[in-house]
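Starting from the known structure of chain E, fit chain X onto it as the hints suggest.
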Amino acid sequence: MTLAKNGRLALLACALIFLSTLSVLLARRLNLGPMGPVPGWRVYGPENAAIQIYEFTDFACPACRGASETLAETMRVYGGGIRLHFKHYPLTHMHPWSMDAAAYSDCAGEQGKFAQYAELLFSSQKKWGEAKERPNEFETLALQLKLDWPKMQACAGSPEALKRVKLDMAEGGLKGVNATPTFFINGKRCVGSGQLLDQVRNFDNLLRKK
Amino acid sequence: MNGQTNIKNLTGLLARLIVGGVFVYSGAIKALAPAEEFAYAIESYKVIGPGLSLLAAHAVPWIELYTGLLLACGIFTRSSVFFTAAMLAFFELMLGQAWLRDLPITSCGCFGSAGSNSITEEFLQNLALLALLWPAASYRRLSADGSEGQYSSSLLPLSGDETVRTDD
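So the protein sequences, as listed, match chains E and X.
Going by the numbering used here, the letters in the first sequence line up with residues 49 to 258, in that order.
Going by the numbering used here, the letters in the second sequence line up with residues 207 to 374, in that order.
Be aware that a few hints might be false.
Stated by the list, open to error - Per the computed footprint, the stretches of chain E lying under chain X, defined by three or more beta-carbons under 8 Å from a beta-carbon of chain X, are:
| hint | stretch |
| --- | --- |
| 1 | 75-82 |
| 2 | 205-218 |
What the hints assert, rightly or not - Away from chain E, derived, C-beta distances all over 12 Å, residues of chain X:
| hint | residue |
| --- | --- |
| 3 | ILE235 |
| 4 | ASN332 |
| 5 | SER344 |
Stated by the list, open to error - Simulated DEER-style distance windows between Cβ atoms:
| hint | chain 1 | residue 1 | chain 2 | residue 2 | range |
| --- | --- | --- | --- | --- | --- |
| 6 | X | ALA265 | E | ARG249 | 41 to 47 Å |
| 7 | E | LEU67 | X | LEU216 | 22 to 28 Å |
| 8 | E | GLU178 | X | PHE288 | 57 to 63 Å |
| 9 | E | LEU70 | X | GLY257 | 26 to 32 Å |
| 10 | E | THR50 | X | GLY227 | 37 to 43 Å |
| 11 | E | ARG56 | X | GLY257 | 38 to 44 Å |
| 12 | X | ILE224 | E | ALA75 | 57 to 63 Å |
| 13 | E | ARG256 | X | PRO310 | 43 to 49 Å |
Hints are computed from structural coordinates only; laboratory data are not their basis.
Every residue, glycine too, gets a C-beta built ideally from N, C-alpha and C.
So here's chain E without its partners, still in its complex pose (with noise of 0.2 Å):
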């Protein structure tokens, strides 16, 4: 009887268990989890915006620098409407420079010239994305905004900064990221400018219906 009841407890407790980690799981790649918070100086917008973007970039990545210009036009056109969040997903497999590019960009931002510095990033990308020594492009950047660049090193080779720029990694990868640029707008995943653009043409309605 005992033997019977217990049976059935641990065969409960066994569905139980298999369905909430099914729902997880499913929670994980339907991106139904929170996002994760991102600093003060790479959020664009007011909070209560109708359309809420995460963007996943990569400095070094030809098709987010293509992207970051067509992003910068929607932000212009739609202004109050959008807040954009800027998580860093550098693709260190491929371009050896980005992972400092998003330290140096973080530091930057510390020193409140984050969107400067990663628009000149993007732009001087050619110069330092695939090069085979240590590129000098960072501290040029820097010096170009006037900014501390003996500070922004100290900043970068921080345990600190490196967690953060991890994180985004984390946190990508834990939603399926694996191109640059992924957008996720109010949720919704688009990879590449083509993408962002069909998602762009549905911002008038979003607007509307708020």
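Only chain X this time, still in chain E's reference frame:
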């Protein structure tokens, strides 16, 4: 008397749902986030190294989720309560040593990155959850255990018994 028993059993059910619910929520929210995020929080307690922290960060959210579910549903209630109490006691130990060593913990890791209370608040919250485990363990009639076997027809108590004994 019967009314009093009803209230006690309802208290037991409510206690299980609260503690189980907190565990399910904290487990799920962490399982949905990158393990590295929780691993960094574990590292900040300075008890184990990065490798073990990552391992723990992969395992603990799922353990919390499963324990919370079993507790809330009242499956093997006594064992679930015991295991939950052990986990809470361990969390208290971690928080206590961090407080004593005055470690600069910015995120306790309790509920992922969704929000983090101070160490003192978390310590008190865990104490409250530990206290709730007492009625959860004592009044188990409204549980899957209680409604099984000899109690199969007694989802609501029929006699004046305050405590249901099960064989889990």
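So, going through the hints one by one against the coordinates:
1. 75-82: Per the Cβ count (5), the hint holds.
2. 205-218: Since three or more residues must qualify, the claim that chain X covers the stretch 205-218 of chain E holds, with 4 doing so at under 8 Å.
3. ILE235: ILE235(X) not clear of chain E: closest Cβ-Cβ about 7 Å, inside 12 Å.
4. ASN332: ASN332(X) clear of chain E: closest Cβ-Cβ about 23 Å, beyond 12 Å.
5. SER344: 19 Å, holds
6. ALA265(X) <-> ARG249(E): 41 to 47 Å: Because 44 Å falls inside the window, the suggested range holds.
7. LEU67(E) <-> LEU216(X): 22 to 28 Å: This hint holds: roughly 26 Å between Cβ atoms.
8. GLU178(E) <-> PHE288(X): 57 to 63 Å: Taking Cβ atoms as reference, GLU178(E) and PHE288(X) lie about 58 Å apart, which means the hint holds.
9. LEU70(E) <-> GLY257(X): 26 to 32 Å: 29 Å, holds
10. THR50(E) <-> GLY227(X): 37 to 43 Å: Check failed, 29 Å falls outside 37 to 43 Å.
11. ARG56(E) <-> GLY257(X): 38 to 44 Å: For ARG56(E) and GLY257(X) the Cβ distance comes to about 40 Å; the hint holds.
12. ILE224(X) <-> ALA75(E): 57 to 63 Å: 23 Å, violated
13. ARG256(E) <-> PRO310(X): 43 to 49 Å: Since the Cβ atoms of ARG256(E) and PRO310(X) sit about 47 Å apart, the hinted range of 43 to 49 Å holds.
In this structure, the hints that do not hold are numbers 3, 10, 12, in rising order.
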